[in-house]
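Chemist: Make one complex out of these two single chains by using the hints.
Residue numbers (our numbering), protein chains in the order written: chain C, 1 to 451; chain Y, 1001 to 1176.
Just so you know, the hints here were simulated from the structure itself, not pulled from any lab data.
A hint or two may mislead.
Here are the computed lysine-lysine pairs in the DSBU-like style, where the Cα-Cα straight-line distance is at most 30 Å [unchecked claim]:
#: 1; chain 1: Y; residue 1: Lys1044; chain 2: Y; residue 2: Lys1062
#: 2; chain 1: Y; residue 1: Lys1044; chain 2: Y; residue 2: Lys1023
#: 3; chain 1: Y; residue 1: Lys1163; chain 2: Y; residue 2: Lys1044
#: 4; chain 1: Y; residue 1: Lys1163; chain 2: Y; residue 2: Lys1055
#: 5; chain 1: Y; residue 1: Lys1055; chain 2: Y; residue 2: Lys1044
#: 6; chain 1: Y; residue 1: Lys1062; chain 2: Y; residue 2: Lys1023
#: 7; chain 1: Y; residue 1: Lys1055; chain 2: C; residue 2: Lys360
#: 8; chain 1: Y; residue 1: Lys1163; chain 2: C; residue 2: Lys360
#: 9; chain 1: C; residue 1: Lys360; chain 2: Y; residue 2: Lys1044
Negatives, chain Y to chain C, calculated, CB over 10 Å [what the hints assert, rightly or not]:
#: 10; residue: Arg1015
#: 11; residue: Gln1033
#: 12; residue: Ala1119
#: 13; residue: Gly1126
Every residue gets a Cβ at the ideal spot worked out from N, C-alpha and C, and that includes glycine.
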Amino acid sequence: MLGTTLSRWTMSYFAAALCFLIGAEALMAAGYGFPSAPLRAPETLLLVHLVAIGWLSLLVCGALLQFVPVIVARPLHNDTLPLPALLFLIAGLAGLLGGFLQLAGTFTANFSLFPFATAALATGFGLILYNLGRTLAAVRPLPLAARFVGVALISLVATVALGGTFALSLGLTISNPLALKIASSALPLHVVAGVGGWLTFAAMGVSYRLLAMFMLAPELEGGRPHMVLWLGTIALAVTILGGLALLIADASLSPALLAGGILSLAALGLYGADVLYLYRARTRRIIELNSEMTAFALVSFAAAAILALALAGLQRFSGQIGALTFLVLFGWLTGLGLAKLYKIIAFLTWLECYGPVLGKTSTPRVQDLVAEGRARGWFFLYYAATWVATAALLASFVLLFRLAAAAMMLATVAIIIQLIRTRLLLNIHDLAAFPAGVHRPHLLVCVPESS
Amino acid sequence: MTQSYVDLDVRPILRDGGEPFGKIMEAVAALGQDQGLRLYATFKPVPLFGVLEAKGFTHEAKEIGGGDWEVLFRRSGTPVKREAETAPATSTAGWPDPVQQMDNRDLEPPEPMVRILSALETMEAGEVLSALLRREPMFLFPQLAKRGHTWRGGLEPDGINYKILIRVGRPPDTAA
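Isolated chain Y, as found in the complex (with noise of 0.2 Å):
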């Protein structure tokens, strides 16, 4: 159904060590019905792609070289309904299992968020370390999209408890 592309390189904002989520948001915003997206990024942006699937957009991704993405978002037409607590990574198929295992849900505010950020220099990229905590990690996140890693999360099936996997990845700023 989608017949053309507008493009958007966010490559010079994640050199410079930017956010460019905004600027992502304000141009799915303005596609038309007949529109999809043409994302050139430094990294695989993998936390996107279920803000966009929410959204009703598939993705297509591939490697262009130098470390660099290109990602076409297309209407599916039909948004995906998803759980409020579920973070952006869509899917940890093909994710390893996790290398480290942490509870972190008896520590005082910030110590949590402190232990995942240290354990996570210590590791490689693509290695995936899973925590437990007791509410959703909201001041995790920006630093976790800065430093280049994916998450899924959730709540648990008991309801209280908080369940991140996080994947290392390379820091944006280094993958130019």
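If we strip away everything but chain C, and leave its shape as in the complex, we get (with noise of 0.2 Å):
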């Protein structure tokens, strides 16, 4: 094994996750889509397929592209295709866009957008996949943070093959009894298994080994983050094969909804415990400011499983699962992929930049490349205002939620500066900083070393 170099197309992703992302933000602070939508709208779907494909699943498999080789010790099985993979993902989520436009009715055309898109997006996830997939199939034993980011894999085909089905039926392409009864019915499963299975288990089983890493914590590799594993797959098993199952028998899913919650409440409870236990063991006393941040992300998670209980508990759930969802999409995942990104983009810049000449020359460290008291504030701001968003939804605040949406935007676009100074070495002053040997990094490719 000669170890893993830099993914050259993540910076890419990430640059086209962000641009998603400051889209998003401004949709909802113009009162775009829900709440000033219904939920179920167009314009809402529009919304939430703009933060959950472009924004983080972009993200995501800029992330494990780079990452899984590290997890697991392998190189990436391919080194082209991320390219090919992120055009057809972008392509196919303008084609979905549009589709959902169509449905608006903002423009017509005597064709569907829908088709497309899902081909498309089937493409580009597809070539994901493969790849990823190539990569962990070459290793046995799986390490645990592989074995996350193989059932968040598994859960991504459930939710393009679900969320394909929704397109062609919208789309007016099929016809398939059983396929139209799952268009009409399943579209929480296709949010569990997006939401649930595919970002967020990414994101545990990420988290898990960044957090040890960053804080210099001991690896986790003991039966509680197996039980969290394990735990959480049954959960997903159970909702979304279940729920089909109740779906083709004609039933109503709540069954599987409900034990599928009570399975994943069981594993938050215990992920929950393992990243305490990570925060505490550290041996690093001084936390930077992505674990810092990460911690805000982490509350959130917890405040939304807390909300969940709450909200079934007073029979309020069905009413608030548009709070809930904008709580773990924001709140959860948004906020641990800016705080990660923080410290990702640092790392991978100062590596491609500074790696040839390590050792021969004095470098700058990691941490040179940032400034942290510029963006401590705007992290907490996006925190303080998407809590404040979603307390505004569950009071339909409109108003309200929207100036907090724009106050997200701002914070957001602050934070991406940040990043692309960081990125460019802006925040190295020393000329001496720059010995011969050290080029400047591209903002959106990285190259690898050619010393």
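Modeler: Written as structure tokens, this is what we have:
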């Protein structure tokens, strides 16, 4: 094994993802989609997919292309496929958003964009699945973090399959009764597979590893994290497979959703205990900004679990599903994503620029690439605005939600400016930090070393 | 059992500062059942020995002058089962005792890598560095390979710490 090199296109994935995040926040601030429109309105669906595919899925794909090889200590199966995959995903997302605009009546055409969107997204995700799947398949036994990623990838298959069925039925290209039955009732399963299985499982697996790595805590390989893996996997299987079985039998999905919900709460409780242990067992006393801000994402995740329980207890769950989903997407997944990007971009950029000359000349530290003091306030604003927005959704206070969304967008733009400054080495003022052999990084592409 | 050899000369790639590993593995994958590989390199490609041993190849290396090496990889028919954590060099037999020992377990990444690479720059070819780490240093290996060092690493018996021995070599691009 000759180790891991830099994934060439990961920065392009991150850049595209961040553009879609800004777009989604701008739409929310402008009052597009939920809560100004109903939860199942095409406008809301457009917004949700802009976040789930455009921002979060591209972010997770970019991160996995770089870190799956690190986790399994094997090179990525293929270094060329990530670019076409990215292009297919962006084209597919554009088609999907266009399809929703057609549904909303924003524009009309005598053909539906949904079949095109389905084909392009399936191809893009298929290329990612093939590449990561082949990388994982070469390794036995799989380390814990890689097993989480494996379950996430299987969930991605389920998400795309269900989503494709919906899209094709919306595009009126299928008339199979079973497919139409799925299209009319399986939306909760699509959401669980996508947000719970694909995005959250990948985030959990990678966070186990990255938290241990960046806080110098012991790697968790014991019984409890395996319990999290098993309970979470069973929860997903019960919800998705059980839900499909109930659907085929013309029964209500509720038993599957309830059983899956209880199992996943148990898994989340154990995951929370693991994460607390990692923070306590760390040997680095000073926490970097990325780990500090990850803690707020984890708090949001815990708050979402408690909120779900409380809403279920008050029998208000289905009425407040929008607020709950918002908290999971923005408090947990987006918060975690931005916090980890803050470290990952600095680390990868440092390695790309200074790796070839390490030891031969004095080089800046990774932390010299970031200006944590400048970024900290914007992260606080981001989380505060996200929590206010969640409260506004719970209270059906639409204007407050839009103001909070505008604040989230402002904070995100400021954080992105910090990320760009890190990537372009603009926080390094010492000219001696650019010895011979060090090249300025490209914003979007990692150039493997050629020392 | 091997009848014929397929020749592969990676010296031009190495002299251009490139990484021939992918090319070599492609060539190996394309070998027939009765074929072996004759590899030409600008240094003794010790890291490769372990990789190909795991695929069931034995090796025979000889220096052919000018610092270049010719290595014959022959099918032994029995792939050697290796620990997942074992890094490239097949054996440290014949390696001198480490002249430097480092404990990098309490350093934040990437400080362990920086310390190791800095120390290696001060050492003579053939000398060995020993370092204790918290995990397999995935981003260090390409740097070691590029600089012509050989290494062997693995988990300590405690199953937690990772120990790597690195023998200083000549950078491949200056060997020509």
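Chemist: Determine for every hint whether it applies to the structure shown.
Modeler: We went through each hint and held it up to the structure:
A threshold of 30 Å between alpha carbons decides the hint, and for lysine 1044 of chain Y with lysine 1062 of chain Y the separation of about 8 Å falls inside it, so the pair holds. Proximity of lysine 1044 of chain Y to lysine 1023 of chain Y is assessed by CA-CA distance (about 17 Å); at most 30 Å being required, the pair is judged to hold. Restraint check for lysine 1163 of chain Y and lysine 1044 of chain Y: satisfied, since their Cα atoms lie roughly 23 Å apart, inside the 30 Å limit. Under the criterion of a C-alpha separation no larger than 30 Å, the hint pairing lysine 1163 of chain Y with lysine 1055 of chain Y is consistent with the structure, at around 24 Å.
Distance hint between lysine 1055 of chain Y and lysine 1044 of chain Y is fulfilled; the C-alpha atoms sit about 19 Å from each other, no more than 30 Å. For the hint pairing lysine 1062 of chain Y with lysine 1023 of chain Y, the CA-to-CA distance comes to about 21 Å; that is within 30 Å, so the pair holds. With a C-alpha separation of about 36 Å, the suggested pairing of lysine 1055 of chain Y with lysine 360 of chain C is violated against the 30 Å cut-off. Under the criterion of a C-alpha separation no larger than 30 Å, the hint pairing lysine 1163 of chain Y with lysine 360 of chain C is consistent with the structure, at around 23 Å.
For the proposed pair lysine 360 of chain C and lysine 1044 of chain Y, the alpha carbon gap of about 23 Å is at most 30 Å, so the pair holds. Against the 10 Å criterion, arginine 1015 of chain Y stays outside the reach of chain C, whose nearest CB is about 13 Å from its own CB. With a closest Cβ-Cβ approach of about 22 Å to chain C, glutamine 1033 of chain Y is found to remain outside the 10 Å limit, as its non-interface label requires. Once the 10 Å rule is applied to beta carbons, alanine 1119 of chain Y is inconsistent with being away from chain C; the minimum gap is 7 Å.
Annotated as non-interface, glycine 1126 of chain Y keeps its C-beta farther than 10 Å from every C-beta of chain C; the closest such distance is 18 Å.
Hint check: violations occur at hints 7 and 12; the rest are consistent with the structure.
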